[in-house]
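Protein chains in written order, with the working numbering: chain A, 251 to 900; chain B, 2 to 503.
Mixed in with the good hints there might be a few duds.
Claimed, not checked - Only pairs whose alpha carbons sit at most 20 Å apart, straight line, appear in this in silico SDA-like list of lysine to any residue: (1) B:LYS187 x B:TYR503; (2) A:LYS410 x B:ASN449; (3) A:LYS275 x B:LEU168; (4) A:LYS275 x B:ALA448; (5) A:LYS850 x B:LEU168; (6) A:LYS411 x B:TRP437; (7) B:LYS456 x B:ILE324; (8) A:LYS410 x B:ILE370; (9) A:LYS411 x B:ALA448.
It is worth saying that the hints were derived from the structure and are not from the lab. In this text the structure is predicted, and so the values were computed from the model without any measurement.
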Amino acid sequence: MQSIYLAIPLAPLFGAIVAGLFGWKIGRTASHLVAIAGVAVAFVLSLIVFKHIVIDAAEPFNGTVYTWMVSNDINFQIGFLIDKLTAVMLIVVTFVSLMVHIYTIGYMHDDPGYQRFFSYIALFTFSMLMLVMSNNFLQLFFGWEAVGLVSYLLIGFWYKKPTAIYANLKAFLVNRVGDFGFLLGIAAVLMYTGSLDYAEVFKQAPSLSGRTMEIFDGHAWSILTVTCILLFIGAMGKSAQVPLHVWLPDSMEGPTPISALIHAATMVTAGIFMVARMSPLFELSETALSFVLVIGAITALFMGFLGLVQNDIKRVVAYSTLSQLGYMTVALGASAYATGIFHLMTHAFFKALLFLGAGAVIIAMHHEQDMRKMGGLRKYMPITWITSLIGSLALIGTPGFAGFYSKDAIIVAVRNSELAGSGFAYAAVLIGVFITALYSFRMYFMVFHGKERMDEHTREHLHECSAVVTVPLILLAIPSVLAGAIFVDQMAFGGFFGSAIVVDETHRIAADVAHHFDSWWGLILHSFADLPVYFAAAGVLLAWFLYMKRPDIPGMIQNRFALIHRILVNKYGFDRFNEIVFAGGSRQLGNLFWRVGDEKIIDGLVVNGSARSIGWFSTIVRHVQSGYLYHYAFVMIIGLLLLLTWVVFR
Amino acid sequence: MLFDLPILSTLIWTPIIGGLLVLMAGEKWARMSALFFSVLTFILSIPLYTQFDVSTAAMQFGELKSWIPSFNIFYQLGVDGISMPLIILTTFTTVLVVLSAWEVIKKKPEQYMAAFLIMEGVMIGVFAALDAVLFYIFWEAMLIPMFLIIGIWGGPRRVYATIKFFLYTFLGSVLMLIALIYMSIKADGSFSLLGFHTLPLTLEEQLYIFAAFLLAFAVKVPMWPVHTWLPDAHVEAPTGGSVILAAIMLKIGGYGFLRFSLPITPDASSELDWLIILMSLVAVVYIGFVALVQSDMKKLIAYSSIAHMGFATLGFFLVFSIIDNTGSWREAALGMEGGIVQMISHGFISAAMFLCVGVIYDRMHSRNIADYGGVVNTMPMFAAFMVFFSMANAGLPGTSGFVGEFMVILNSFKADFWIAFLAATTLILGAAYTLWMVKRVLYGEVANDNVANLKDLNAREFVILGVLGIAVLFFGIYPGPLTEVMHSSVEHLLQHVSIQKY
């Protein structure tokens, strides 16, 4: 088994190296074949691992690959932890990645950077796999930053586009703000447990509860709370939680396949995965959990609102991703880690599907992304239409679809949670259901139904995309329907993840819920006795009414509530604030330090100043050196007199 | 047998004699002969690693000959796990510098090459000397070739830069000489460095000596606020000069703290560690902001060097607060080793960054960021290297730039939360100034005709950057061999500084 574990990340790495370094030589087809082969191998091996660990219920594997470094008697290691949580993540990552690889053949067909693109996404797959397979904080941070690097490279893939190279710098820097907290969290872990190994850290964690540290003198804070919040700041960056969410909408400047793979299905969920992995730590701090819960709830609700006013098809999906990441975070905060991972999985399928569907529309529309210029596409692109409909239904939580099970489980978990802030979180996720349905079906109706608003030239050329695009859509549509029903028993309510996820007895809400349901269809029946399904239906109906029946009303609403509309269009002003305060402020501070600190004070006053004062002093002293003997004799006599006076009168 | 030769003397004198021969060889053979001697020195330095005994903190490859008996001055050499990697870094970097000058330096190439070879020998001498006078001679001798390199092959403001460079460094070293002579008097005329380590000194004496050393080493590192010579020197220096300056000469300051300040004046270091930590953190934060607004690429990298060296000095001086907090000097090993790793890694990365700037400067004759834009369109291979090294400069895991910063930040948390907090801002600042430059220089549409006419890397440039890239990647993925050689020496040093001297 161990060689299989090693082969899983190395196969995509091999593909990345070949496509990246030798792509110019072996050509386009060979490059995409080798990259796809690498990911396909990883996917097949992940299936074997899934069978071994989950179905055959083998013991989790925890072992070292090599020792990175030894210092301070601490072994810094690269190693794998393969348990059920890892096995699920492996399947999600490799499957979505494989679909995106295949789709890319069609999407990037005419791009001059074809080989480079394949190299990047294969490298991404490698990094993401290293992240989820890690058994220690060092490698976690490795993978964490490596996926950030590839995300940077891919957002800026079209490096001539000013918006793209602005967005990738922004994404990297905002993520670095998160990593700043994350690294401090890791430092705290090392300080208080003396190890970076998950197993060792988790073993020692309970002994830390109750111990405090002082960051500000006189304020004793729980060590675990501080550590968990610092770690969570890392997750806020990667998983785009308010206020570190600002990079994700802009990341849509990158090619659509990576929006699906990196900025919807996998990389942005790394933060969710990380917190779930750290459940033995987070469980020990209710303050940290409340913090997580509230941040998640804010993201889930307020980012959803922004989806309502977007006209760019990719941005609507992006805001929906933000909002769904908020849902996952809320689940973590409510100690329903397994449910969070469950939603992560179903979301990966249907959101990748929605993004790739949007990409198919964009290709067909000749790179037009404005939904106001679309409409009625269902006639021209039947497969894209049906699969996008499936994706949207799954997203809004239609009973029976994958998203229904995972989202419903989150809502139930939050309702039962007793943490501070859970009331607000419950309201947020409930209203969020309505908003999600509204913006999702707004998009769906604007793109696939109604009047054909595109120009004549575009309309004539509209047609369904080739098989490399549609096959991945179909393959993703299948789990978008089925994954929920198959796994709900186990993941949402059962002890699916075994020892990988730890939940404190007092937080076991999810388990309580389990008693009420006996099967996946029982859940469907029960849902009609509960609120969310009606909220979703109301959202769909309203979208239908506003965008199909009476398309004049949205404009009226917009005029009537101009102020609110402006706030939403400006995304609550986060971007402007960051631009002025952080970016502008840093530049001003830098200039101040440089022009005043370095140039005026140090160089001007001290360095050149001392040079000048020496020069000035010597010009004065020079007068003494006149060269006339009588001057010198005079000075000597005066000096002698002064000396005598001093000797006599002292 | 070759291996019976005293290896350290061979390493010092091969390049110096080689440099003189290159000088005589004349313009035609200057390049080949310089390459020969630099490669030869590098090969000769390899046994230093392969035959190094990692289990002991004692000085190895020792040599001892009487030199000036009337003053008790010896020709004494030896290396431990702290100086050995720095010597190999020196021999490695010199080869690259010789290569980098190949067709670029047209004015008196034999003198240029000779200056670098002689400087190589002298710098190895600084790292290997165990006699204070010998050390001081090498220390001062090092200034001369660098002074000439900047003064002859430098840019338009080279005279201002050389004088500033010389005065700054000279000011520091004079006080150090006084301190050395004072200690020799206390030690009955001995100039042995290892003897100074065990010399009992009162706290007051230690404070004065510490201050003298601080000035000498802080200028070299350079630490805020005595850093302003560095950007000027870098801007005016030719590419090779910048590379040696950043990769090796700055390390001599850091090395001085480890070899002199800490072991000779441990109690003064303990008293004043807050000052060094403060200066290091200012270097990280303040200089980070200053780097952000630079419009000259070389200045930007020069400021980033100062910020990165802040991590080295920070790592060295964490030990006392860690002893206070945890009661054990062993806990501080991570930070000190991190500081040394940071010095080695910065040697590779800053060299690579300056070489990258050199590559485009040779083509465009401008270091101004605003003159560039969209270089990736015409130089894709170069852009790939530059992005890679920039990421290393920003401390990306998997590159050597990450290792040292990671170790120091982890360790500084044990000293104080706020030290770690301020140190970790480099994650944001380092990425901001480096990648913003990358964005403006490499990305975007082709900015002007000059950029449109750029030619991508030639084979020579490719090899230089490729070799550095491999080094940066290797130590990022597997820093174990690097930290392994320094364990014994660092532990010995930490134990030594934890004991009161008076």
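Within 20 Å, alpha carbon to alpha carbon, are LYS275 (chain A) and ALA448 (chain B)?
Given that 20 Å is the threshold and the Cα spacing comes to 29 Å, the pair is violated.
For LYS410 (chain A) and ILE370 (chain B), compute the direct alpha-carbon distance and say whether it is at most 20 Å.
holds, 17 Å
For the pair supplied as a hint, LYS456 (chain B) and ILE324 (chain B), confirm whether the alpha-carbon distance does not exceed 20 Å.
violated, 55 Å
Between LYS410 (chain A) and ASN449 (chain B), is the straight-line Cα distance small enough, at 20 Å or below?
Holds. LYS410 (chain A) to ASN449 (chain B) sits at ~14 Å (cutoff 20 Å).
Given pair status - TRP437 (chain B), LYS411 (chain A), alpha carbons within 20 Å
Measuring from Cα to Cα gives roughly 15 Å; hence the hint holds.
Keeping to a limit of 20 Å between CA atoms, is the pair of LYS411 (chain A) and ALA448 (chain B) held or broken?
Holds, at roughly 13 Å.
Is LYS275 (chain A) within 20 Å of LEU168 (chain B), Cα to Cα?
violated, 54 Å
LYS187 (chain B) and TYR503 (chain B): Cα distance at most 20 Å?
holds, 14 Å
Does LYS850 (chain A) pair with LEU168 (chain B) here, judged by a C-alpha cut-off of 20 Å?
holds, 19 Å
Checked against the numbered hints given earlier, this structure breaks hints 3, 4 and 7; the rest are met.
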